[in-house]
Amino acid sequence: MTATDAHRAIEAVWRIESPRMIAGLARMVRDVGLAEDLAQDALVAALQQWPESGVPDNPGAWLMAIGKRRAIDHFRHAAVAERKHEEIGRDLEVQQAVVDLDAAIGDDFGDDLLRLIFTACHPVLSKEARVALTLRLLGGLSTDEIARAFLVPEATVAQRIVRAKRTLSEAHVPFEVPQGAERAARLSSVLEVIYLVFNEGYSATAGDDWVRPELCEDALRLGRILAELAPKEPEVHGLVALMEIQASRLRARVGPSGEPVLLLDQDRARWDQLLIRRGLAALDRADRLGGAMGPYAVQAAIAACHARARTAAETDWVRIAALYDALAQLTPSPVVELNRAVAVGMAFGPAAGLALVDELTSEPQLEGYHLLPSVRGDLLAKLGRFAEARREFERAASLTRNAPERKLLLERASASARGSAPLH
Amino acid sequence: MRFLLMIKGDPKPGQLPSEELLAAMGRYNEELAKAGVLLDLSGLHPSAEGARVKFSGGKRTVIDGPFTESKELVAGYWIIQAKSLEEAIEWAKRVPFEAGAEFGQEGEIEIRQVFELEEFGDSPAIERARELGKELAKNKE
Chain A
0 MTATDAHRAI EAVWRIESPR MIAGLARMVR DVGLAEDLAQ DALVAALQQW
50 PESGVPDNPG AWLMAIGKRR AIDHFRHAAV AERKHEEIGR DLEVQQAVVD
100 LDAAIGDDFG DDLLRLIFTA CHPVLSKEAR VALTLRLLGG LSTDEIARAF
150 LVPEATVAQR IVRAKRTLSE AHVPFEVPQG AERAARLSSV LEVIYLVFNE
200 GYSATAGDDW VRPELCEDAL RLGRILAELA PKEPEVHGLV ALMEIQASRL
250 RARVGPSGEP VLLLDQDRAR WDQLLIRRGL AALDRADRLG GAMGPYAVQA
300 AIAACHARAR TAAETDWVRI AALYDALAQL TPSPVVELNR AVAVGMAFGP
350 AAGLALVDEL TSEPQLEGYH LLPSVRGDLL AKLGRFAEAR REFERAASLT
400 RNAPERKLLL ERASASARGS APLH
Chain B
0 MRFLLMIKGD PKPGQLPSEE LLAAMGRYNE ELAKAGVLLD LSGLHPSAEG
50 ARVKFSGGKR TVIDGPFTES KELVAGYWII QAKSLEEAIE WAKRVPFEAG
100 AEFGQEGEIE IRQVFELEEF GDSPAIERAR ELGKELAKNK E
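So the protein lines, in turn, are chains A and B. Quick note: the first sequence uses numbering that gives the first Met the number 0, first residue 0, plus one each step. Quick note: the second sequence uses numbering that gives the first Met the number 0, first residue 0, plus one each step.
If you are wondering where the hints come from, they were derived from the structure by calculation, not from laboratory data. Since the model is a prediction, treat every value here as computed from it, not as a measurement. Warning: the hint list may mix true and false statements.
Simulated crosslink set (DSS-like; lysine-lysine; CA at most 27 angstroms straight-line) [what the hints assert, rightly or not]:
id : chain 1 : residue 1 : chain 2 : residue 2
1  : A       : K231      : B       : K7
2  : B       : K92       : B       : K33
3  : B       : K70       : B       : K7
4  : B       : K11       : B       : K58
5  : B       : K33       : A       : K126
6  : B       : K11       : B       : K92
Chain A is nowhere near these chain B residues, computed Cβ spacing over 12 angstroms in every case [stated by the list, open to error]:
id : residue
7  : P12
8  : L21
9  : E30
10 : P45
11 : K53
12 : S55
13 : G56
14 : E105
15 : E109
Label pairs and their in silico Cβ distance ranges [claimed, not checked]:
id : chain 1 : residue 1 : chain 2 : residue 2 : range
16 : B       : E107      : A       : R7        : 35 to 45 angstroms
17 : B       : R59       : A       : A268      : 25 to 35 angstroms
18 : A       : P230      : B       : S83       : 24 to 34 angstroms
By construction, the Cβ of each residue, glycine as well, lies at the ideal position given by its N, Cα and C atoms.
Taking the hints into account, I'd like the entire structure generated from these sequences.
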């Protein structure tokens, strides 16, 4: 085995083992930051030894054994340095925890993982910190990978993670799964983080790529893990359904030169039927758990309407408009209203859609949001009001930060200038 | 990236997998699901219940199973999503091959990456293939 081979094998083992290792260690030491440091120590040991010895038969147990030993060392050193009885007591406590953990090995790591997810997505952290910490601790991504995914310098991500770990520690955030009234709010924070990661991959807000499929895969993986850990939570299945169905269109969403292809122009033969099937099954699960009216489940139901239509013309726009109605009541927001306007425009004609959009033009939350003029331009073009449509597309192009999307909008502006209506 | 993990072998006709194997495989599948990597899986009926269509010189010949080279036959598969071939290999190593007597002590899992669109560069041949794909899709409707 060459050093590079060993390196890649270790990386693979790390991706599989690190979340449950960190989760198990965090339960032992009651500090997520420290748990990650201990797990990293085990990784360093593997990087030193495996290139020579080869990957052990049970690499997870090997790594965990090192992590636990380091945990005991850590508390012993702390105790000796500070000569504190409490710390010595803590040392004994840790040894007991090691015994407990040994008993738990091979059994279910699920509860620890769930605790880790809730801790990484704790509301005491900023949204950016939650995202970075979740990808790092649960997704097994390196700081560098996270930095590349979000187009920020590696040092920024590293700082974010260090600060997040410190915040958790200083706020004495308990390593536990919240119960009772707190649980719902905390769960939506977790779902929000996962969907944020997905969306950054699905329609990148910045940069030269229209989509970043790897980020979608990371989010899907997290969502699927969560669905296994909390199988009775309907909204978890709703979110997974939404992501699976949206991801099924990833390859149809990009044209040959990397340009975006809008939903109705996509070649449906390129939609991924495996993901659609998985998405519909997850939606069904949410449904059966009584969660059909959860915000994510409703969005998934909308996505499912598109997935079920064999051609764009067969889309059930009346149902989609009704679902957006429901969504607007569940989670009122100008962005939802804008989407509702699109659906209404498709179901009942562009004039009906435009009337709704016009109500939104003074909405402060949509100021600077490129999709508002983009949607308005589309409806105007359909009504044959090309001069106005062109101005709207140009305005939308000036507002987006995504290069391929800007190009598409400028093309639509010049199509409007020529007086040609969109296909749909 | 997606990988197809194929387990080799050919179960005997009429013989269902042992309780032992089913339990071990169930645990393994659960582990895959809990790690968020499992996309799809299936076991296959014995080759005795299958057939082959051979193409040669413009002729098609149908050959009924069973087929003899059982170590080359596919008995079941998983489709997983992984970050690298190494990760897929790591998952394949964890298949509980030794459980039950079906596969015996010898056996193998073949790991193949599923083509993703991003892997194709842009060339006239690829463009042509894409057009062809569209045509095929249209004809299917």
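The hints, checked one at a time:
no.	hint	result
1	A:K231 <-> B:K7	36 angstroms, violated
2	B:K92 <-> B:K33	17 angstroms, holds
3	B:K70 <-> B:K7	6 angstroms, holds
4	B:K11 <-> B:K58	31 angstroms, violated
5	B:K33 <-> A:K126	25 angstroms, holds
6	B:K11 <-> B:K92	25 angstroms, holds
7	P12	30 angstroms, holds
8	L21	19 angstroms, holds
9	E30	10 angstroms, violated
10	P45	26 angstroms, holds
11	K53	29 angstroms, holds
12	S55	31 angstroms, holds
13	G56	32 angstroms, holds
14	E105	18 angstroms, holds
15	E109	18 angstroms, holds
16	B:E107 <-> A:R7: 35 to 45 angstroms	21 angstroms, violated
17	B:R59 <-> A:A268: 25 to 35 angstroms	27 angstroms, holds
18	A:P230 <-> B:S83: 24 to 34 angstroms	29 angstroms, holds
Figure legend: structure checked against the earlier numbered hints; hints not met, in rising order: 1, 4, 9, 16.
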